[in-house]
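Visitor: Sequence:
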Amino acid sequence: MRSIVQAEWRRSLILAARYPMETLSSILTMFLVFAGLFYGASYITDSPIGAGRLSTIVVGYAVWMTMMSATGDMGWSVQNEAQNGTLEQVMMVPRGAVWVFLVRALMAIVVFLIPLVMVVCAMIALTGVGFVWRLEALEPFLMTLITAWGLGLLVAGIALIFKRIGQVLNIVQFLLLFVIMIPLGHDPGWLWHILAVLLPFTAQVALLRHVLQTTAPVPPSLWLSAGFNMVIWMLTGVMGFIGAERFVRRRGTLGHY
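The opening residue of the sequence shown carries number 345 in the working numbering; numbering runs sequentially from there.
Just so you know, these hints were derived from the structure itself, not from any lab. Any given hint could turn out to be false.
[Claimed, not checked] SDA-like, lysine to any residue: derived pairs with alpha carbons at most 25 Å apart:
(1) 507 - 589
(2) 507 - 380
(3) 507 - 565
[What the hints assert, rightly or not] Derived Cβ-Cβ restraints for the label pairs, each shown as a range:
(4) 371 - 345: 29 to 37 Å
(5) 434 - 567: 33 to 41 Å
(6) 470 - 367: 17 to 25 Å
(7) 593 - 470: 31 to 39 Å
(8) 454 - 369: 13 to 21 Å
(9) 590 - 362: 33 to 41 Å
(10) 568 - 408: 23 to 31 Å
(11) 559 - 361: 41 to 49 Å
(12) 457 - 379: 12 to 20 Å
(13) 443 - 559: 38 to 46 Å
(14) 482 - 350: 22 to 30 Å
(15) 424 - 345: 17 to 25 Å
For glycine and all other residues, C-beta sits at the position ideal for the given N, C-alpha and C.
Modelling step: build the complete structure from the supplied sequences, incorporating the hints.
Guide: Here is the structure:
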């Protein structure tokens, strides 16, 4: 396991170093998005943005980018490996390809958080607004991340079978935008509540919103819903990926593009 982590970390650093324009462009894009969110919110509300509002913007953007990248990166990784003809090499790892793609997703999050911290520091220096981080938001964020990895493994399993899923990933991202807008806690009935709990990210986003926007204690039912949702989607992703891997191995189409 340690060798997988070291190899994927080295791979991430090499890719960032050998494609500096891509790395710098991503940092610039992140800064422009933050500036747009910051000054846009200040213009719309016609009031200065305080430390609490800035922290909400930062955490909200980080969660949104985490869901998008963690869900899609594994699928894109499988598709790129298939195009490059190296997918079979990745799938031959003794510990299993699931661990490879999970570690790769973890490294992608780390690589994403490093420029994110740089951009936040730059925004604080330019605007003079402080940043307040609430430790209570860490657990919902980690739950969201694990749920995203589970869904990402499911998408990677689909990529193993069909190889090209670019449009599918676009559809999934639009569906996720709809899912996270479901107002859990303001549902019209028990059936809607059950559907909201079972859909990915809904409970985690509701929990994170509660922690960031209020100081009231979090209802135990919301913690249970978020934890149940996380476990269900991680198990579904792992089983779906393993099932897809066995399917393509039986058909002999693992390395075919």
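Visitor: Evaluate each hint against the coordinates.
Guide: Hint-by-hint comparison with the structure:
1. As the CA atoms of residue 507 and residue 589 are separated by approximately 12 Å, the hinted pair is consistent with the 25 Å bound.
2. Note on residue 507 and residue 380: the hinted pairing is violated, with a Cα-Cα distance of about 36 Å set against a maximum of 25 Å.
3. With a CA separation close to 40 Å, the supplied pair residue 507 and residue 565 exceeds the 25 Å bound.
4. Distance hint for residue 371 and residue 345: a CB-CB separation of about 31 Å, consistent with the stated range 29 to 37 Å.
5. Distance hint check for residue 434 and residue 567: the Cβ-Cβ separation is about 36 Å, which falls inside the suggested range of 33 to 41 Å.
6. A C-beta distance of roughly 21 Å is found between residue 470 and residue 367, which places it inside the suggested range of 17 to 25 Å.
7. Range check, residue 593 to residue 470: about 53 Å between beta-carbon atoms, so the 31 to 39 Å window is missed.
8. Evaluation of the 13 to 21 Å hint for residue 454 and residue 369 yields a pass: the beta carbon distance comes to about 19 Å.
9. In this structure the hint that residue 590 and residue 362 lie 33 to 41 Å apart at CB holds, the actual value being about 35 Å.
10. With their beta carbons about 24 Å apart, residue 568 and residue 408 fall inside the hinted range of 23 to 31 Å.
11. In this structure the hint that residue 559 and residue 361 lie 41 to 49 Å apart at CB holds, the actual value being about 44 Å.
12. Hint check: residue 457 to residue 379, Cβ distance near 19 Å, so the stated range 12 to 20 Å holds.
13. In this structure the hint that residue 443 and residue 559 lie 38 to 46 Å apart at CB holds, the actual value being about 40 Å.
14. For the hinted restraint 22 to 30 Å between residue 482 and residue 350, the CB-CB distance of approximately 26 Å keeps it satisfied.
15. The given range of 17 to 25 Å is respected by residue 424 and residue 345, whose C-beta atoms sit roughly 23 Å from each other.
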